[in-house]
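J.: If you read the protein sequences in the order shown, they are chains U and S.
With positions in the first sequence counted from 1, the corresponding number in the numbering used here is that position plus 251.
With positions in the second sequence counted from 1, the corresponding number in the numbering used here is that position plus 171.
Fair warning: there could be bad hints in the mix.
[Unchecked claim] Taking beta-carbon pairs under 10 Å as the criterion, some of the chain U residues facing chain S (in silico):
id: 1; residue: Phe346
id: 2; residue: Tyr402
id: 3; residue: Leu405
id: 4; residue: Arg441
id: 5; residue: Met635
[Unchecked claim] Computed cross-link-like contacts, DSS-like style, restricted to lysine-lysine with a CA-CA straight-line distance of at most 30 Å:
id: 6; chain 1: S; residue 1: Lys181; chain 2: U; residue 2: Lys278
id: 7; chain 1: S; residue 1: Lys248; chain 2: U; residue 2: Lys316
id: 8; chain 1: S; residue 1: Lys250; chain 2: U; residue 2: Lys340
id: 9; chain 1: S; residue 1: Lys191; chain 2: U; residue 2: Lys437
id: 10; chain 1: U; residue 1: Lys278; chain 2: S; residue 2: Lys192
id: 11; chain 1: S; residue 1: Lys191; chain 2: S; residue 2: Lys248
id: 12; chain 1: S; residue 1: Lys192; chain 2: U; residue 2: Lys399
id: 13; chain 1: U; residue 1: Lys399; chain 2: S; residue 2: Lys191
id: 14; chain 1: S; residue 1: Lys250; chain 2: U; residue 2: Lys473
id: 15; chain 1: S; residue 1: Lys250; chain 2: U; residue 2: Lys418
No wet-lab data here; the hints were simulated from the structure.
Note that the structure is predicted; figures quoted are calculated from it, not measured.
We treat Cβ as the ideally placed atom computed from N, Cα and C, and that holds for glycine.
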Amino acid sequence: MTEAVQADHRRPADSAPAAPDRDLMSKFDALIAERQALLDSGVTDPFSIVMDAVKSPTEAVIRGKDTILLGTYNYMGMTFDPDVIRAGKDALDQFGSGTNGSRMLNGTFRDHMGVEQALRDFYGMAGAIVFSTGYMANLGMISTLAGKGEYVILDADSHASIYDGCKQGVAEIVRFRHNSVEDLDKRLGRLPADAGKLVVLEGVYSMVGDIAPLKEMVAASKKHGAMVLVDEAHSMGFFGANGRGVYEEQGLEGQVDFVVGTFSKSVGTVGGFCVSDHPKFEAIRLACRPYIFTASLPPSVVATAETSVRKLMHAHGKREQLWKNARRLHGGLVQMGFRLGTETPDSAIVAVMLEDQEQAVAMWQTLLDRGLYVNMARPPATPMGTYLLRCSLCAEHSDAQIDAVLAMFRAAGEATGVLPG
Amino acid sequence: MSDRQATFDKVAELIAPFNKKGVTLTEATSFQHDLEWDSLTVMDFVAAIEDEFDILITMNMQAEIETVGQLVDAVEKLKQTRD
């Protein structure tokens, strides 16, 4: 019966439908043509990578080849931590595979409460709310906090989830030049003094890996009576004495109203969250549509997150190794003559800047063929005209792996003409 | 010269550095289709307009402004609100 049903749904090879000349899908014709042109040039589609097997936080099999992973956000290498995996397995056995429902109704299990407590402990804050992804955390927090007649002020290089949170809400939106304290201050100064204002910042900007001058930006925000939300997705675990993020590193504890983060990077699973010391923070649960009208995370996921967050509190050795790896990679690439997105190793992201899409694809493909996976980024994920290869380091990368990575970059750079031969 | 004409002239002056194709400006000139500006160019231009007139044009307002004429009208209105 099962086979018969499957067979009924298979489409005969000769019956592929022909697209009409024009319909709602026509607006994507330019995108389809651009992708096809890329594939016709003989390269692998950079956005269709399949991990056939994952051997460790830093190694996978891609297209049958052992490959070093330098394009994941697994900064602290928690995905294969034995305690984390055991917690997930136990939760699967005890609570089943899914929750089926929203946190508001039948979707809150023991481990949702557990991971929220772990976050309170990690950040030393009174309030923690978990969302189903980091994207949902930004979507929910920004659209719920800023209402009609109020303002959201955001950095021009903000992540798509921040822009989408603005679109989802009804507040007035004002953006300022990337990392410009002066521009932020000027725009805040033009807003009505008595209107509600939310300034949204990121600790680490993910495309280039640069960090925000949060100290000055938070000061400017407070001067104008704005609340501050900082997305610390790309800093959790290894910035600040307790791994809380760039805001902790810059001595801003007690001055940031909301911190948003994710479980899909240093924590090594999936989910998003917001922590806050605001006494009315719990009211967000009652008003936030991306929290209320979506299914909660599976118990195995929140159990792994809780264990991982608690272990990150004490992961001092991993933090040191991650920073050491970042410095070695950044320094090595600079020495070879590559142009990087930041002058110094500001974060665990090292971006190699390239001239155009052809050069970026050629470098990316050559590295992949040699056994190194990095991210290729292009507009609209990057600003207009910016093409780069983004390397994300992991605390589990060994010295030998970083040496191998540098050797592959040198060879690929020379083979593609990015470096003089 | 009317206030509106003066505003149009100033807007045209501020568009000039971003008018890479040398498009002749009219009330109906479209920022997206005629001038073909990307998102970052829009931000730089809007910042220049805001600084010149000491006003604030939110992204919500920007979404409604498609032509030079509509921008001039919006600037005139915002100047009155400011004053």
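J.: So, for every hint listed, does it hold in this structure?
T.: Checked hints:
With its C-beta approaching chain S no nearer than about 43 Å, Phe346 (chain U) sits outside the 10 Å limit, and its interface hint is violated. The closest approach between the C-beta of Tyr402 (chain U) and any C-beta of chain S is roughly 8 Å, which is under the 10 Å cut-off, so the hint is satisfied. For Leu405 (chain U), the shortest C-beta to C-beta distance to chain S is roughly 9 Å, which falls under 10 Å, so the interface hint holds. Proximity of Arg441 (chain U) to chain S holds as hinted, the smallest CB-CB distance being about 4 Å (cut-off 10 Å).
Contact between Met635 (chain U) and chain S, as hinted, is supported at the beta carbon level, the nearest pair being about 5 Å apart and thus within 10 Å. As the CA atoms of Lys181 (chain S) and Lys278 (chain U) are separated by approximately 36 Å, the hinted pair breaks the 30 Å bound. Distance check on the hinted pair: Lys248 (chain S) and Lys316 (chain U) sit about 63 Å apart at the alpha-carbon level, beyond 30 Å; violated. Of the pairs offered as hints, the one joining Lys250 (chain S) and Lys340 (chain U) is violated, with about 63 Å between alpha carbons and a cut-off of 30 Å exceeded.
A distance of roughly 28 Å separates the Cα atoms of Lys191 (chain S) and Lys437 (chain U); the hinted pair therefore holds under the 30 Å criterion. Between Lys278 (chain U) and Lys192 (chain S), the direct Cα distance comes to roughly 25 Å. Compliance with the 30 Å bound is thereby established for this hinted pair. A hinted pair counts as satisfied when its Cα atoms are at most 30 Å apart, and Lys191 (chain S) with Lys248 (chain S) qualifies at roughly 28 Å. Of the supplied pair hints, the one linking Lys192 (chain S) and Lys399 (chain U) is violated, its CA atoms being roughly 39 Å apart against a limit of 30 Å.
Straight-line distance between C-alpha atoms of Lys399 (chain U) and Lys191 (chain S) comes to about 38 Å, which puts the hinted pair past the 30 Å bound. Between the alpha carbons of Lys250 (chain S) and Lys473 (chain U) the distance comes to roughly 27 Å, so the proposed pair stays at or under 30 Å and holds. The hinted pair formed by Lys250 (chain S) and Lys418 (chain U) meets the criterion: a straight-line CA distance of about 26 Å does not exceed 30 Å.
Checked against the numbered hints given earlier, the structure breaks hints 1, 6, 7, 8, 12 and 13 and satisfies all the rest.
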